[in-house]
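The chain contents come next:
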Amino acid sequence: MQPEELALRAPAAALRAGDWFETLFRGHYPRIVGLLTRLTGDRFQAEEIAADAFSKLARRPLLLQSHESLTAWIYRVAINAGLDALRANARRRRSEDAAGVERLRTGGEPGALEDLLRRERCERVRAVLGVMKARDAELLLLRSGGMAYREMAQALGIPASSVGTLLARAEREFERRYRARYGDDV
Amino acid sequence: MTQCWSEGELRAYLDHELPARDMERVAAHIRECSGCGGVCHELTVRADRVSGWMDVLPDAAAPTRIPAIPRRARAGRRWAGAAVGLAAAVLLSVVLLPKRSVEIVVTPPGVAPQGSPSAPVSVKPAIIRQETPSQAAPVKPKPQIQYFVALDNEPIETGLVVRVGLNGGQLPADVIVGPDGRARAIRLVSENSGELK
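Chains as they are written, first to last, in the numbering used here: chain B, 1 to 186; chain P, 1 to 197.
Do not rely on the hints blindly, as some may be mistaken.
What the hints assert, rightly or not - Computed footprint of chain P on chain B; a stretch qualifies when at least three of its residues, placed anywhere within it, have a C-beta under 8 angstroms from a C-beta of chain P: (1) 29-41; (2) 75-89; (3) 136-150.
Stated by the list, open to error - According to the in silico footprint, chain P covers these stretches of chain B (three or more CB under 8 angstroms from chain P): (4) 51-64; (5) 113-123; (6) 177-183.
Unchecked claim - Just a sample of chain B residues kept apart from chain P, beta carbon distances all over 10 angstroms, derived: (7) Ser69; (8) Ala72; (9) Gly130; (10) Val131; (11) Lys133.
For the record, the hints were derived by calculation from the structure and aren't laboratory data. None of the values given here were measured: they were computed from a predicted structure. Don't be surprised by glycine CBs; every beta carbon is placed ideally from N, CA and C.
Please construct the entire structure, taking both the sequences and the accompanying hints into account.
Have a look at this one:
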């Protein structure tokens, strides 16, 4: 149950901030870790970022007491931190990939080429997500994670009726940026 | 011909995210409107392409284990902790602070009354307070309490007090540094605060 749904079922006064926090944490922590893992490619880093986002929320009692848009807040903070980590990781990965190419050139293990190409495709997608607006990147990640429009609207703090429009724009923007960087090499 | 639909509605239609009634209406409209049909086709192709790119990103390999919930310290508990700390400080100050010097009790020799030299001398002990010397001892200045000033509105749960020197090291100050490395509160340390020892 979402915190906002919880509020509809019980009087606001009867709910402690801890109840909201626990509901939000149990309901969204695994999903946020999943999104961040796809975004950063690093499960441990994803767990760290997600835990940090929830810790930030726990340290903001006024925000917890307001009970408003907590879901959107936690997704926004977590995805923004994930995008920051993605940009920070990019430089390190480039040097690692260069080392991988060198290993291939000097005779690598079987399957290493496929692995390198797969990683290259991942890095391209992540690089494009990293330069997009945070909300557009978040939309694409949420959608590719299998979220329904209603859930995406809740995570983004927008009306469900706007999701289709924003998603179409985000897809167009992603394709434009991808082609601008990498041409038609899909 | 029925009314055209917006791009967002058509995108939602492709994801089967419109209400059932609207799904039927959009389907009927697309059959008769080549414009909306073209937009729908374009949206479908792009959505498939972007989906293909996004699917390259690997999923989390293992299900996420939910760790223990990071709880906020309850305000009541914080106040209780502060109250207990204050009470302990008061108790320690009562026990450990040096007591005042004990008053000196002097028993003077008895003075025999005149005219009755043979009478036995009865001496009653008397308590005489020693006079304070005319030259007053230097008054120790009362320590002036310097309170910390919070640098933000977030409650401080844990932190490390670090002594720093401001203004080129000439002005000592205490800074509470939080676990994230941010300075959370500061206080100036003056000479008469009793903390420059």
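Each hint, compared with the structure:
Given as covered by chain P, the stretch 29-41 of chain B passes the check, having 8 residues with a CB less than 8 angstroms from a CB of that chain where 3 are the minimum. With 0 residues having a beta carbon nearer than 8 angstroms to a beta carbon of chain P, the stretch 75-89 of chain B misses the requirement of three or more and the stated coverage is violated. Counting residues of the stretch 136-150 of chain B whose CB lies closer than 8 angstroms to any CB of chain P gives 6, which reaches the minimum of 3, so the coverage claim holds. Counting residues of the stretch 51-64 of chain B whose C-beta lies closer than 8 angstroms to any C-beta of chain P gives 9; at least three are required, and the coverage claim holds.
Judged by the Cβ-Cβ criterion of 8 angstroms, the stretch 113-123 of chain B is covered by chain P as claimed, because 3 of its residues qualify and three suffice. For the stretch 177-183 of chain B, the stated coverage by chain P is not satisfied: 1 residues place a CB nearer than 8 angstroms to a CB of that chain, which falls below the threshold of 3. With a cut of 10 angstroms on Cβ distances, serine 69 (chain B) stays outside the contact zone with chain P, its closest approach being about 19 angstroms. Chain P leaves alanine 72 (chain B) outside its interface by the beta-carbon criterion, the shortest separation being 19 angstroms against a cut-off of 10 angstroms.
Residue placement check: glycine 130 (chain B) keeps its beta carbon more than 10 angstroms from all beta carbons of chain P (closest about 13 angstroms). Even its closest Cβ contact with chain P, about 14 angstroms, leaves valine 131 (chain B) beyond 10 angstroms, as expected for a residue assigned away from the interface. With 10 angstroms as the threshold on Cβ separation, the claim that lysine 133 (chain B) sits away from chain P holds: the shortest Cβ distance comes to roughly 15 angstroms.
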